[in-house]
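Number of protein chains: 2
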Amino acid sequence: MMNAGEGAFRALADPTRRAILSLLAEEDMTIGRVAENFAMTRPAIKKHLGILEEGQLIRVEARGRERVNRFNPEGLRAVTGWLGELDRFWNLRLDRLKAEIERDMKDE
Amino acid sequence: MMNAGEGAFRALADPTRRAILSLLAEEDMTIGRVAENFAMTRPAIKKHLGILEEGQLIRVEARGRERVNRFNPEGLRAVTGWLGELDRFWNLRLDRLKAEIERDMKDE
DNA sequence: TTTAATAGAAACTAAATGGTATCATATGGA
DNA sequence: TCCATATGATACCATTTAGTTTCTATTAAA
Numbered sequence: 514m515m516n517a518g519e520g521a522f523r524a525l526a527d528p529t530r531r532a533i534l535s536l537l538a539e540e541d542m543t544i545g546r547v548a549e550n551f552a553m554t555r556p557a558i559k560k561h562l563g564i565l566e567e568g569q570l571i572r573v574e575a576r577g578r579e580r581v582n583r584f585n586p587e588g589l590r591a592v593t594g595w596l597g598e599l600d601r602f603w604n605l606r607l608d609r610l611k612a613e614i615e616r617d618m619k620d621e
Numbered sequence: 514m515m516n517a518g519e520g521a522f523r524a525l526a527d528p529t530r531r532a533i534l535s536l537l538a539e540e541d542m543t544i545g546r547v548a549e550n551f552a553m554t555r556p557a558i559k560k561h562l563g564i565l566e567e568g569q570l571i572r573v574e575a576r577g578r579e580r581v582n583r584f585n586p587e588g589l590r591a592v593t594g595w596l597g598e599l600d601r602f603w604n605l606r607l608d609r610l611k612a613e614i615e616r617d618m619k620d621e
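First to last, the sequence lines map onto chains A and B.
So for the first sequence, my numbering puts the first residue at 514; every next one is plus one.
So for the second sequence, my numbering puts the first residue at 514; every next one is plus one.
Keep in mind the hints are simulated off the structure, nothing from the lab.
Remember, it's a predicted structure, so these values are computed and weren't measured experimentally.
The reader is advised that the hints may include incorrect statements.
A pair counts as met if it fits within one copy or between any two copies, since identical chains are not told apart.
[To be verified] With a cut-off of at most 20 angstroms between alpha-carbon atoms, the simulated EDC-like pairs for lysine to aspartate or glutamate come out as follows: (1) Lys611 x Glu539; (2) Lys619 x Glu579; (3) Lys611 x Glu540; (4) Lys611 x Asp541.
Please build the complete structure, drawing on both the sequences and the hints.
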């Protein structure tokens with residue numbers, strides 16, 4: 514089980530970035546518009562958007578002098594995929610445990 | 514959409530912690546046993562386990578002089594729950610978009 | 001063609017993070 | 001009881017992170 518989606522996990526760790534992602538899931542926004550929603554300077558928001566982009570959680574499209582930031586649901590696959598694998602491991606373990614218990618009961 | 518599972522997201526951001534979680538999903542382990550799997554001192558592993566515990570992703574049970582660390586699948590709900598909400602937002606948006614397009618087509 | 005708006009970049013700071021080394025504590029067993 | 005083992009705790013260090021301020025570049029529009 515390896516480092517898939519390193520960037521996505523890192524991007525999701527910060528609450529501001531998760532809030533940004535929520536906004537962008539509802540509506541595409543320029544950097545300025547995103548920044549209006551936070552008590553923080555635009556450069557700070559820009560950095561967060563950069564990290565979200567690295568994690569593939571958003572896509573940025575140049576449009577004249579603006580940059581439109583859009584949510585990229587594909588990027589979440591790295592995360593949900595890893596969580597799914599973890600769950601698979603867990604269930605395999607439960608299955609082994611169950612089998613063991615059944616074997617023990619038969620022995621008695 | 515708010516800060517649910519802050520600790521869990523933070524805990525998952527580090528690759529070492531994700532690797533630890535994978536191990537623990539397969540098998541309960543003491544701190545020492547976990548540490549054997551990494552090129553890192555035990556205090557470092559202990560810190561990671563502490564952060565995983567804060568994020569509710571593991572539970573720790575004292576057992577004599579040992580501490581057994583076990584994976585806590587419940588803790589992932591904060592994460593999957595948030596991801597689900599995000600997805601819901603996204604789909605609502607797609608629905609609005611679809612409705613709009615259908616309306617426009619009827620107008621022509 | 002100025003001027004105002006939008007964004008990018010760089011340099012800096014404070015605090016958090018991931019790690020180490022070292023020392024103290026508690027428990028199981030010879 | 002005494003010793004080895006398993007863990008906890010503390011202090012320290014280097015790097016990263018999240019944020020700021022300030023300055024520059026590009027584009028829209030009067």
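Outcome of the hint check:
1. Lys611 x Glu539: For Lys611 and Glu539, only the inter-copy Cα distance (14 angstroms) is at most 20 angstroms; the intra-copy one is 44 angstroms.
2. Lys619 x Glu579: For Lys619 and Glu579, neither the intra-copy (70 angstroms) nor the inter-copy (32 angstroms) Cα distance is at most 20 angstroms.
3. Lys611 x Glu540: between (47 angstroms within a copy, 14 angstroms between copies)
4. Lys611 x Asp541: between (48 angstroms within a copy, 16 angstroms between copies)
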